[in-house]
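Using the sequences and the hints given, assemble the complete structure.
Numbering (the numbering used here), first residue to last: -10 to 354.
Please keep in mind that the hints were generated in silico from the structure rather than gathered at the bench.
Among the clues, some could well be false.
Said to hold, decoys possible - Dumping the calculated DSS-like pairs for lysine-lysine here, alpha-carbon to alpha-carbon at most 30 Å:
(1) K137 to K26
(2) K262 to K199
(3) K137 to K23
(4) K327 to K137
(5) K262 to K100
(6) K137 to K243
(7) K199 to K137
(8) K137 to K330
(9) K100 to K232
(10) K330 to K262
(11) K199 to K330
(12) K100 to K327
(13) K137 to K100
(14) K137 to K351
(15) K243 to K232
(16) K262 to K351
(17) K26 to K351
(18) K100 to K243
(19) K327 to K199
(20) K327 to K351
(21) K100 to K26
(22) K327 to K262
(23) K100 to K23
(24) K23 to K262
Because the structure is a prediction, the values reported are computed rather than measured.
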Amino acid sequence: MLAISEEDLNRKRLECDPLADNAMEEVARVRGEKAIKGHYVLRAVQDLGRLSEDSHCARFIEFYEQEPPWEVDWQMWELGRRVFVRNSVFAGLVLMYGSLVSSFTAAYGNKVLSATGRISPNGDVRRRLFETLFFVRAVVLGSSSEIKEACMRVRLLHAAVRRHLLHRDGGWEIENFGCPINQEDLAGTLSTFSSVVVDGLEILGVSLSKTEKDAYQTLWKYVGFYLGMTSDLLCDNYEEEWKLCNMIRVRQCKPDPDSVVLTEALLQEFASKNPFYLSYNFSSSLSRHFIGDDLADELGLSRFNMLSQVIMNLLYWILRTSCFTQRRVSFLEHGLYKFGKYALNTIVHLSLGGREPSFIMKVYS
-10 MLAISEEDLN RKRLECDPLA DNAMEEVARV RGEKAIKGHY VLRAVQDLGR
40 LSEDSHCARF IEFYEQEPPW EVDWQMWELG RRVFVRNSVF AGLVLMYGSL
90 VSSFTAAYGN KVLSATGRIS PNGDVRRRLF ETLFFVRAVV LGSSSEIKEA
140 CMRVRLLHAA VRRHLLHRDG GWEIENFGCP INQEDLAGTL STFSSVVVDG
190 LEILGVSLSK TEKDAYQTLW KYVGFYLGMT SDLLCDNYEE EWKLCNMIRV
240 RQCKPDPDSV VLTEALLQEF ASKNPFYLSY NFSSSLSRHF IGDDLADELG
290 LSRFNMLSQV IMNLLYWILR TSCFTQRRVS FLEHGLYKFG KYALNTIVHL
340 SLGGREPSFI MKVYS
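Structure (structure tokens):
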């Protein structure tokens, strides 16, 4: 049962991730500042961990040698992965034009994205988003050890970004924005990959059972644990997480000028380009479709024209029919899973040029 209050979330804005932050400080102290900005941060942590079992780096590595403190239902975990993969094309649409744009409207949480500048007219928007997609692929197609390694890299990246922002000239406005990449923001971000994706799929017409929703949330709860989230923010089921997500939305989703810049950078970068080849106007309207008119109006997003609205209505009923059929014809679900897996692997491979992302800290001014 989720039992968290506004006061609790206020405190969470001042909580970060001491395990990762201490490991990063140790790397900087022993290996130098360049080490935390290079391609081999994880290797440096592993090397220092081997040198001393009592080091912060050793404790960070040891964390990933344990399983979560709850009993993981691996069948539900795997079902959650199948839910995403067989709907990967549409889930990708939700992530890009729904989840991301929704996260941009968080007037506190978006400050880290604005400060690092990767999602900006001068940033590497495409690379940044495809690195995120690589992480998602590891979660839905990788082994548990591959998921843990991906989480280690992302968690250390978060620690490096925190360290940079807190030590930069001018510092960081903790009193206004909380600590960078704090626990509330981690919970909000996790929900954009989990319950917000479920909501977006249902908006498109993908019908999911309660069991499927809970299964997908179970998967991301597992991921949240290895990303360093505190146990009181790791919900037990989809309904609890959706409530927490909406609590955070009410607190934070108040679009500001940074929200507009981030959204515009995303829409412009992918207008009429792979992987979806959607026009600027259509993708802007699709974002409105996902996040609702109130937030969309403040971002200045477009509205569907009559033809586009007809297309969206047709898509909705096609997907509803497909979901109904899948539950009765098992080979259709297997076929969609295989296609989704192929599509996801192909997009990641082509977009990253066959190279794995480095998950290093980059800052664009």
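Results of checking the hints against the structure:
1. K137 to K26: 21 Å, holds
2. K262 to K199: 35 Å, violated
3. K137 to K23: Judged against 30 Å, a Cα distance of about 25 Å means the pair holds.
4. K327 to K137: 24 Å, holds
5. K262 to K100: At roughly 27 Å apart (the allowed maximum being 30 Å), K100 and K262 satisfy the hint.
6. K137 to K243: 34 Å, violated
7. K199 to K137: 27 Å, holds
8. K137 to K330: Given pair K137, K330 holds - Cα atoms ~20 Å apart, limit 30 Å.
9. K100 to K232: Holds, at about 24 Å.
10. K330 to K262: 21 Å, holds
11. K199 to K330: 23 Å, holds
12. K100 to K327: 39 Å, violated
13. K137 to K100: OK: K137 and K100 at ~27 Å, within 30 Å.
14. K137 to K351: 22 Å, holds
15. K243 to K232: 18 Å, holds
16. K262 to K351: 24 Å, holds
17. K26 to K351: 8 Å, holds
18. K100 to K243: Holds - the C-alpha atoms of K243 and K100 are around 13 Å apart, at most 30 Å.
19. K327 to K199: With Cα atoms ~23 Å apart, K327 and K199 stay inside 30 Å; holds.
20. K327 to K351: Judged against 30 Å, a Cα distance of about 35 Å means the pair is violated.
21. K100 to K26: Answer holds: K100 to K26 is near 20 Å, not above 30 Å.
22. K327 to K262: 24 Å, holds
23. K100 to K23: With a Cα-Cα distance of about 24 Å, the restraint between K100 and K23 holds, given a limit of 30 Å.
24. K23 to K262: 35 Å, violated
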